[in-house]
Amino acid sequence: MFDGRGLRFIGRAVAALLVAGFVLSGAGASAASPKGKKLAPADDFGYPQVRLINERIRLAWKDYGIKPSKPATDGEWCRRVHLDILGRIPSQKELLAYVGSTESDKRAKLVADLLFSEKYTEEYARNMTTIWTNVLIGRSGGTERNSLTSRPGLQKYLRDSFAREKPYDRMVEELISATGSNTPGAPNFNGAVNFLTMKLEDNGAQATAKTAQVFMGLQVQCTQCHNHPFNEWKQRKFWEMNAFFRQTAALRSFNPGTRDITGVQLIDQDFAGEGGNPEEAEVYYELRNGLLKVAYPVFVDGSSISRSGFLEDANRRGELAKMVAGSEYTQKAIVNRTWAHFMGYGFTKPIDDMGPHNPATHPVLVEELGKELRKHSYNLKELMRWIVLSEAYSLSSRTTSGNTADDPLLGETPKFSHFYLRQMRAEELYESLLVATQAQNASGSYEQQEDTKREWLRQFVIAFGNDEGIEATTFNGTIPQALMMFNGGLVKRAVSTDKGGFLWNIAHGDLSNTKKINFLFESALARKPTKNEVGIANKLLVARKGDATAALQDLWWAVLNSNEFIINH
Amino acid sequence: MKNPTGMSRRHFMKHMAGASAMTIPALTLGNAIRANAQTLKKNNKSAIMLWMSGGPSTMDIWDLKPGAVTGGPFSPISTSGDVQICEHLPMTAKQMHNMAIIRSMSTREADHTRGRYYMHTGYVPNPNVEHPSYGAVVSHELIDQRKGSLEIPPFVAVGGGSVGPGFLGMAWAPFAVNSNGRVRNLDMKIDDKRLMQRMATLRLIEDGFIKQNRGQAAKDHAEILNKTLNLMTSDQMQAFKVEQEPEPVRERYGATNFGRGCLMARRLVEAGVPFVEVDLGGWDMHTGIHSTLADTKLPELDRAMSALYEDLEQRGLLQDTAIMWMGEFSRTPNINGNAGRDHWARAWSVTVGGAGMNGGIAIGATNGDGTRVDTQPYSSQDVMASVCKSLGISLDTTFTSLSGRPMKIANGGKVIKELFA
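Residue numbers (our numbering), protein chains in the order written: chain A, 2 to 570; chain B, 126 to 546.
Calculated directly from the structure, the hints in this document are not laboratory data. Note that the coordinates shown come from a computational prediction; the quantities given were computed from them, not determined experimentally. For glycine and all other residues, C-beta sits at the position ideal for the given N, C-alpha and C. Do not rely on the hints blindly, as some may be mistaken.
[As the list claims (entries may be wrong)] Okay, derived cross-link-like pairs now, DSS-like style, lysine-lysine, Cα gap no bigger than 27 Å in a straight line:
1) K272(B) with K366(B)
2) K314(B) with K68(A)
3) K533(B) with K517(A)
4) K272(B) with K540(A)
5) K68(A) with K366(B)
6) K272(B) with K493(A)
7) K493(A) with K344(B)
8) K516(A) with K336(B)
9) K493(A) with K314(B)
10) K539(B) with K350(A)
11) K71(A) with K314(B)
12) K318(B) with K500(A)
13) K517(A) with K318(B)
14) K94(A) with K546(A)
15) K540(A) with K314(B)
16) K454(A) with K314(B)
17) K517(A) with K272(B)
[To be verified] Where chain A lies over chain B, by a calculated footprint (3+ residues, C-beta under 8 Å):
18) 249-257
19) 311-318
[As the list claims (entries may be wrong)] Under 7 Å between C-beta atoms, here's a sample of chain A residues computed to sit facing chain B:
20) D203
21) N204
22) N290
23) L293
24) V295
25) S398
26) T400
27) G403
28) F461
29) V462
30) V535
31) N562
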């Protein structure tokens, strides 16, 4: 077992070196296929960063003798870019506008529209808020009994940050250094505190581990208790990092006369040190052999700050926040996370474990994109634009004989020679069903709509009940999910035939039968139906004895339940 | 025999024929085709995993060290077997003749996620391959004994998510339910003929997408649809309904989630399910460990676990059902400043019983303060190999990972001989 692991590690390192080597030897714009046929140059839309991605990705194809798939159809590309940026599929209208356009730069235009136009700001911010809430506090964060986390509080902070295009490094700094009340409406409200409010138990072990993992891609949780065999990070480092969190406390306020928590304040206060000397406020930790050691605040790169525990000498968390935000680890970690979001796989697996023991598949690309992002003031939208406009993102998910081997499910490192299938997240399904049935503007305020969605999402969460807040989702392609799609309330509403509803309106509208069927396929699958699909739709009409609404309902139910609908392809 | 959707299986099958008469393409429904369920054979093997999420302190439960600095406040009591266990497990003590304690577990994974994976699969986490968990492996190997009679999922996880099927594929994923046994969204409320017409339409779209060579996820989806349809129309779903049990039985297992989960496990095993995992969380006791153990956790465990052994034995099922009790690791012998114990994998215990394994014994031993294993150490692989042997699963079984790499069942673990001597 150990040998197998070692060999695979070596294999990966060699592959990474090969990629790096070719990059250094000068980047040809086109890679030759195994049979020597040249690929046509890939479009970079005038962005040097897109060119960079295309070159680096092609070099790996060349190294591994892989041929890319054909480009995705307009409909497929339009669907995936909506899903990945806005968290929902395109409406039928948006789809036809894009597919019907004959402009040569229509892809760049759509991306600019989705990312930068005001009409999409709210949806973009909502999608990013969903993703980041799950990253920062998990799917169950804030739903625990007497939780110290306010999920709406964190979401409010994130939504504002994404809607205002807050530079990523500033967001990181705020999340790590935040003080204030966690609940919206409370005096001194600062939703950013919710990242840490529930991670301070056990002397802030979780705060330490999650800060390193989420923002810097460093997995340090094992080194809390011992030096890790495969990880360069040593136990001392964990506690030096931990020392930054020891001035921090979460103060609870209660409903008078009860133990019900009404809110939490995150504050910084003087730290006396475990030895009781605030001038040299140290942290103790125990080696495996029982030896007690001392640690002071020292950052990963060796930068240290004052050892004093007095806030007026050093605000430890504030100092840490600045160092994390400016760190190269952070720069690379966000590139990896963003890449994985759009491409299905990151440059490392898992994406938040980027230590030296786990080399990236495309190290130069991570490095260079990180530098570009920094140059562009950590504007995540720019990074997204470069990735989405890349050749790799534009490829079909249909594999060919030239790239079936490029399948990360087989344990191969991803080469991005075709688009990798992935199932929608539960939140994406929810929003997509609203759009597909034109119910996205249903009544209720933003908060009320979010509450309804949150209530629906709860059914999928399984929390494991341990100190790391580890959890799983049953929205994972198994039977409970299929049952929900077959019979659940959300889908029932989507296929409702009530008078004046979505299906009723189509059935009673003046479209021809064929166009009605087209409309449903375009709304959900971003394509027209095949001949066989039209055929079976007509049979349903006969089976329903000419009741068009009922026949459309059967068809719509089948379309929404299909693999093609729920899989981002 | 009416199932929850108010549609009998025979009735349902008749209407399937009706659907094809509509000249919609014929359906293949996997198990659903095999209409008449065979009566289950008595010698069907099964396994139940009692998963103690969070890492229980086994030196406070199965391997007490009274008098040692690390020992904690609990006293050992005698049992129906040749072992002593914690005083807070009086009912379990009467079942110890059915159970063996393996006291020389020594593992390396003291992180929840890694430990959970390792103890469920016998493999340490590896970024390039996802290994199948206990439930996937066992149900995969035992399903043929059922001769197609099982209509509900062969791997059920009660009150927790277990660990996935890895490279064995989604068909072997755990079916996760709450201990109340309520399975959501079972009822479509349309007539079965129309359901079959919808399914035929769905199948056409589904197949079209699969044929475009886009990868495994498209095929997995179709397979899950079949299983879902199977389950929606099965009388075996009754097995989830613990409330159908007589009051004294429910009382015996305890009015707790874990109690209901264990009772459901017995019902599922009776219905022919090869693998059930029941989750009892909350063992991650970094603070105030002994009061929590004595006041809540151990009484809950004691009642349910002893009931499960007793009930299975009385029904003659214990000889064909293996029961495992384990968490991802145990807790430090050292009691920390918050009166808790932290993560510890170097020396700890698990228990196994049933399916012909020897009971009433302790295998292996730790040293005086519980910090070290003094005898032959055992691993997750060894436990898995032993359980497989008890279930009649050959240890020469080899799986092929998706990348074509052969992988031995239980990662080549060695059978723990004392269990079978």
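Results of checking the hints against the structure:
no.	hint	result
1	K272(B) with K366(B)	24 Å, holds
2	K314(B) with K68(A)	49 Å, violated
3	K533(B) with K517(A)	54 Å, violated
4	K272(B) with K540(A)	37 Å, violated
5	K68(A) with K366(B)	53 Å, violated
6	K272(B) with K493(A)	36 Å, violated
7	K493(A) with K344(B)	25 Å, holds
8	K516(A) with K336(B)	26 Å, holds
9	K493(A) with K314(B)	10 Å, holds
10	K539(B) with K350(A)	31 Å, violated
11	K71(A) with K314(B)	43 Å, violated
12	K318(B) with K500(A)	25 Å, holds
13	K517(A) with K318(B)	24 Å, holds
14	K94(A) with K546(A)	31 Å, violated
15	K540(A) with K314(B)	22 Å, holds
16	K454(A) with K314(B)	24 Å, holds
17	K517(A) with K272(B)	46 Å, violated
18	249-257	holds (count 5)
19	311-318	holds (count 4)
20	D203	6 Å, holds
21	N204	10 Å, violated
22	N290	11 Å, violated
23	L293	12 Å, violated
24	V295	16 Å, violated
25	S398	5 Å, holds
26	T400	5 Å, holds
27	G403	12 Å, violated
28	F461	10 Å, violated
29	V462	10 Å, violated
30	V535	11 Å, violated
31	N562	5 Å, holds
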